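Protein chains: 2
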Amino acid sequence: MRDEMRRLIELDRERTLFTHIGAILGWDQETYMPEKAIEERAEQLALIEGYTHEKAVLPEIRDLLAALEADAGLSETEKAYLRVARREFDREIKLPSTLVTELARRTSLSQAAWVQARKENDFGKFAPHLQTMVDLNREMAQALRPGTEQPYDALLDLYEIGSTEDGVAAVFADMERELVKILVKIESRPPVEDAFLRRKVSAAAQARMSDYFMGAIGFDRGRGRLDTTAHPFTTTLGRDDIRITTRYLEDYFPSSVFSTIHEGGHALYEMGIDPGAEFRNTRLADAASMAIHESQSRLWENIIGRSAPFWRKHYPSIKAMAEGALDDIGQEAFLKGVNKVEPSLIRTEADEVTYGLHVIARFDLEAALISGSLAVADLPEAWNKKMKDLLGLDVPNDAVGCLQDIHWSMGSFGYFPSYALGNLYAAQFWDAMKAELPGLEDMIAAGDVSQARAWLAAKVHKPGTSYLPEELVQKVTGAPLDASHFTRYLDEKYAAIYGY
Amino acid sequence: MRDEMRRLIELDRERTLFTHIGAILGWDQETYMPEKAIEERAEQLALIEGYTHEKAVLPEIRDLLAALEADAGLSETEKAYLRVARREFDREIKLPSTLVTELARRTSLSQAAWVQARKENDFGKFAPHLQTMVDLNREMAQALRPGTEQPYDALLDLYEIGSTEDGVAAVFADMERELVKILVKIESRPPVEDAFLRRKVSAAAQARMSDYFMGAIGFDRGRGRLDTTAHPFTTTLGRDDIRITTRYLEDYFPSSVFSTIHEGGHALYEMGIDPGAEFRNTRLADAASMAIHESQSRLWENIIGRSAPFWRKHYPSIKAMAEGALDDIGQEAFLKGVNKVEPSLIRTEADEVTYGLHVIARFDLEAALISGSLAVADLPEAWNKKMKDLLGLDVPNDAVGCLQDIHWSMGSFGYFPSYALGNLYAAQFWDAMKAELPGLEDMIAAGDVSQARAWLAAKVHKPGTSYLPEELVQKVTGAPLDASHFTRYLDEKYAAIYGY
Chain U
1147 MRDEMRRLIE LDRERTLFTH IGAILGWDQE TYMPEKAIEE RAEQLALIEG YTHEKAVLPE
1207 IRDLLAALEA DAGLSETEKA YLRVARREFD REIKLPSTLV TELARRTSLS QAAWVQARKE
1267 NDFGKFAPHL QTMVDLNREM AQALRPGTEQ PYDALLDLYE IGSTEDGVAA VFADMERELV
1327 KILVKIESRP PVEDAFLRRK VSAAAQARMS DYFMGAIGFD RGRGRLDTTA HPFTTTLGRD
1387 DIRITTRYLE DYFPSSVFST IHEGGHALYE MGIDPGAEFR NTRLADAASM AIHESQSRLW
1447 ENIIGRSAPF WRKHYPSIKA MAEGALDDIG QEAFLKGVNK VEPSLIRTEA DEVTYGLHVI
1507 ARFDLEAALI SGSLAVADLP EAWNKKMKDL LGLDVPNDAV GCLQDIHWSM GSFGYFPSYA
1567 LGNLYAAQFW DAMKAELPGL EDMIAAGDVS QARAWLAAKV HKPGTSYLPE ELVQKVTGAP
1627 LDASHFTRYL DEKYAAIYGY
Chain R
1147 MRDEMRRLIE LDRERTLFTH IGAILGWDQE TYMPEKAIEE RAEQLALIEG YTHEKAVLPE
1207 IRDLLAALEA DAGLSETEKA YLRVARREFD REIKLPSTLV TELARRTSLS QAAWVQARKE
1267 NDFGKFAPHL QTMVDLNREM AQALRPGTEQ PYDALLDLYE IGSTEDGVAA VFADMERELV
1327 KILVKIESRP PVEDAFLRRK VSAAAQARMS DYFMGAIGFD RGRGRLDTTA HPFTTTLGRD
1387 DIRITTRYLE DYFPSSVFST IHEGGHALYE MGIDPGAEFR NTRLADAASM AIHESQSRLW
1447 ENIIGRSAPF WRKHYPSIKA MAEGALDDIG QEAFLKGVNK VEPSLIRTEA DEVTYGLHVI
1507 ARFDLEAALI SGSLAVADLP EAWNKKMKDL LGLDVPNDAV GCLQDIHWSM GSFGYFPSYA
1567 LGNLYAAQFW DAMKAELPGL EDMIAAGDVS QARAWLAAKV HKPGTSYLPE ELVQKVTGAP
1627 LDASHFTRYL DEKYAAIYGY
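Chains U and R, in that order, are what the protein sequence lines are.
Under this note's numbering, the first sequence has 1255 at position 109, and the numbering climbs by one with no breaks.
Under this note's numbering, the second sequence has 1552 at position 406, and the numbering climbs by one with no breaks.
By construction, these hints were calculated from the structure, which means they are not laboratory data.
Note that the coordinates shown come from a computational prediction; the quantities given were computed from them, not determined experimentally.
Keep in mind that the hints are not guaranteed to be accurate.
[Unchecked claim] Listed next, with one range per pair, are the computed distances between beta-carbon atoms: (1) Gly1368(R) <-> Asp1268(U): 13 to 21 angstroms; (2) Gly1593(U) <-> Pro1274(R): 15 to 23 angstroms; (3) Arg1233(R) <-> Ala1523(U): 51 to 59 angstroms; (4) Pro1462(R) <-> Lys1534(U): 37 to 45 angstroms.
[What the hints assert, rightly or not] Restricting the straight-line Cα-Cα distance to at most 25 angstroms, the calculated cross-link-like pairs of lysine-lysine (BS3-like) are: (5) Lys1482(U) <-> Lys1327(U); (6) Lys1608(U) <-> Lys1182(R); (7) Lys1486(R) <-> Lys1639(R); (8) Lys1201(R) <-> Lys1240(R); (9) Lys1346(U) <-> Lys1465(U); (10) Lys1182(U) <-> Lys1608(R); (11) Lys1639(U) <-> Lys1465(U); (12) Lys1201(R) <-> Lys1201(U); (13) Lys1486(R) <-> Lys1331(R).
Glycine residues also receive a C-beta, built at the ideal position from the N, C-alpha and C atoms.
Whenever a hint applies, use it, and build me the whole structure from the sequences.
Okay, here's the thing in structure tokens:
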């Protein structure tokens, strides 16, 4: 390896150290930090973000990139790394460091305000912070693409390279049509019984279930852990320190079960990235994209985690842990219950059919917030209207309405589409995996997910950012992204459950 | 305030932010970090320590100090700040940054190795790390005082300015003589019954007791929290983020009760430091010294926390929380039990008389380790001999012997004397407080410690580093440090308990 490459990696790793330190501060803020510490925490985060940015835009990096790009003798991995390093440098250099630190400071305060506002069901408390997040994100979009009239595109690109509002809108229009078709078929059948899922299960019992499922999917406890937060998430505090969170709703235990599996899927991805020892803790060891990330969480949560084979193995254990709440419920009934399709208010607890409609709502709303066609003050009303139009629901209050998700409080505008794209990738990966691993569903029914995990690790996780998302899906499945895998998966699944 | 002062404070605050960020990383390592994350955590800590040091030795600070020192018009507080800033700059500038980062990296690894070695009772696993800690501390001593033949003095000075091995040895010789006198009187009397303290109390019940006592002493939960670790400690993650830890031994619940009150005393000190809003998060808002720090923890743990008035108020509550373990034990018997004097193996659980002997043992041993007259490999034997000589005890294994304390694993050589000095300061502060607050013990018996807390905050906590420890004790008590307060306190206390 050339000295310039070595040096580029060294600088990249120092930046990564700062990234991980920032993640530790952020994780602590969400999990254990005492309330009054928030002001200084915001300063600490701003300081770390400032250094992270500074490390990413060193003039030395520009010189190293130029020297290496002129070299014809690089390995394929080195070339891939160089592409990523160039792309990220060119992106970060456009961001003024004052904007980066201001965003970090304001985000920390905004998240804390969101937690309070959600708890107290008081949108007014959060509104000024949301306004700041919108303003700073618009400013970031202008910095990334000076003079752009589509600032939302610049933000979408941060999560899914090359994606645009028009492109996503076209995919979503098709998706909405297909989802509604399936929904109509389901609604033609008698509803599934799921009231038993609302029976009380203590937080302690749910914690045992979460721990059980971490084991069941092969979460490496030596390299991560589970805690509780207002909103479940996964965060990377170090290459060997991947943490997930969940929340325990005593009157709806499936929430913690499926969010633990969901975040566990994210964690398995992070734990599996390994483009070679030389590239550890470099940008080559990042996730390919947020949609690819969501493909891993949704694959584990839904395609595996809500499947009949999975529960054939695990239902008896969960029944035994449920403090009597499932004593009179058979496996078949439980499986149907956790797959019940019905429009509902909370995205993270939505079924697989209506989930996409939640995402479409958020996509439309955040695009409007960023373009300016929707004012922050009008968000609750606009949210409630979307829920009525797309899901036919009345929203009783903002806590279960526009305050339910953490994303906007973190200034993540453009992230939501990743969830729906993740579903599409997940179904396509799943079809490829099934074709390559005969007897996969039998293995899952026997409690053995090691081959599934190994397949995902080798094919999807390991390369990190070596491939663009579209290259990755082509390489792994032999075809470009094709939404029909997802709709076929849904249609077959619900035909079995609802008998249509 | 002059621009130079403002700028000096600004730079100092950035350094403090890094200090607090390092504390977050360290706290997380001890509380929640998954095992395999340790290697990268060591790198993260080294990075942060490196920046902390760099911020402390900026050439700009030298210029600012010189400009301000030439100014005759500074306020008293500004002058005090300038003295501290000068002292710390002159100290830190002597430390090469390579040493600082190496020490941080090695300390993190050493602490993790210590936790394992202690758990497995395997000194051999810890020995190479201890050797590194000794070597790096010797190197630090030489950097601080080039050519010194008393490297331990340079380390003592880090915790208690101006203290020397000879000076401490002289104080300790007197103290040992007095402690032994009291011990002889106690041993002339029938032993106190305390076997009931070994009855099982669950960790959950102990956690409720700890929470209760945090409330009882006035710990501000909005500015801190309690977690569990291998060794109890207090750490400052932010001006409004002071965290304490304890451990729950199910067969000895007083351990968590008194360590929570002890660490709570440290936390009240950190929470009370306030030399003025302009000096927030500067070095003027540090603790005056480690001995002063220990005076606060030991005052709360022992002088208040093991006193008859304190338990008059709290015993009924604790009895009710003890899951039946205290049902047949009266308040008087309990008070005697938790004040039982008897040589024992574990320092943190030692009574107030033999505690000083534990400190003397560690002082002798660490001085010998640093001077080189004791080899690391010979530590277990030397430790066991000390315990025999000073306490008459045989040490069954290293886990309850030379592996019991965290300090050397953290490279803290020179800290232990602070505990014994802290006892002396504590007793002297206590006498002053009693003289100024009539009815103090009645208030404590009524569960009201607000006046005691306010007195300590105003007199001892608030000034931070405005005064040297010897100036502070003079200012607060009207006299220089005088060990007779402590021995008189002990003698009166144990005369009552043992009836000699």
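Hint check results:
| no. | hint | in the structure |
| --- | --- | --- |
| 1 | Gly1368(R) <-> Asp1268(U): 13 to 21 angstroms | 20 angstroms, holds |
| 2 | Gly1593(U) <-> Pro1274(R): 15 to 23 angstroms | 42 angstroms, violated |
| 3 | Arg1233(R) <-> Ala1523(U): 51 to 59 angstroms | 54 angstroms, holds |
| 4 | Pro1462(R) <-> Lys1534(U): 37 to 45 angstroms | 58 angstroms, violated |
| 5 | Lys1482(U) <-> Lys1327(U) | 20 angstroms, holds |
| 6 | Lys1608(U) <-> Lys1182(R) | 19 angstroms, holds |
| 7 | Lys1486(R) <-> Lys1639(R) | 11 angstroms, holds |
| 8 | Lys1201(R) <-> Lys1240(R) | 14 angstroms, holds |
| 9 | Lys1346(U) <-> Lys1465(U) | 13 angstroms, holds |
| 10 | Lys1182(U) <-> Lys1608(R) | 19 angstroms, holds |
| 11 | Lys1639(U) <-> Lys1465(U) | 23 angstroms, holds |
| 12 | Lys1201(R) <-> Lys1201(U) | 17 angstroms, holds |
| 13 | Lys1486(R) <-> Lys1331(R) | 13 angstroms, holds |
Of the numbered hints given earlier, the model fails hints 2 and 4; all others are met.
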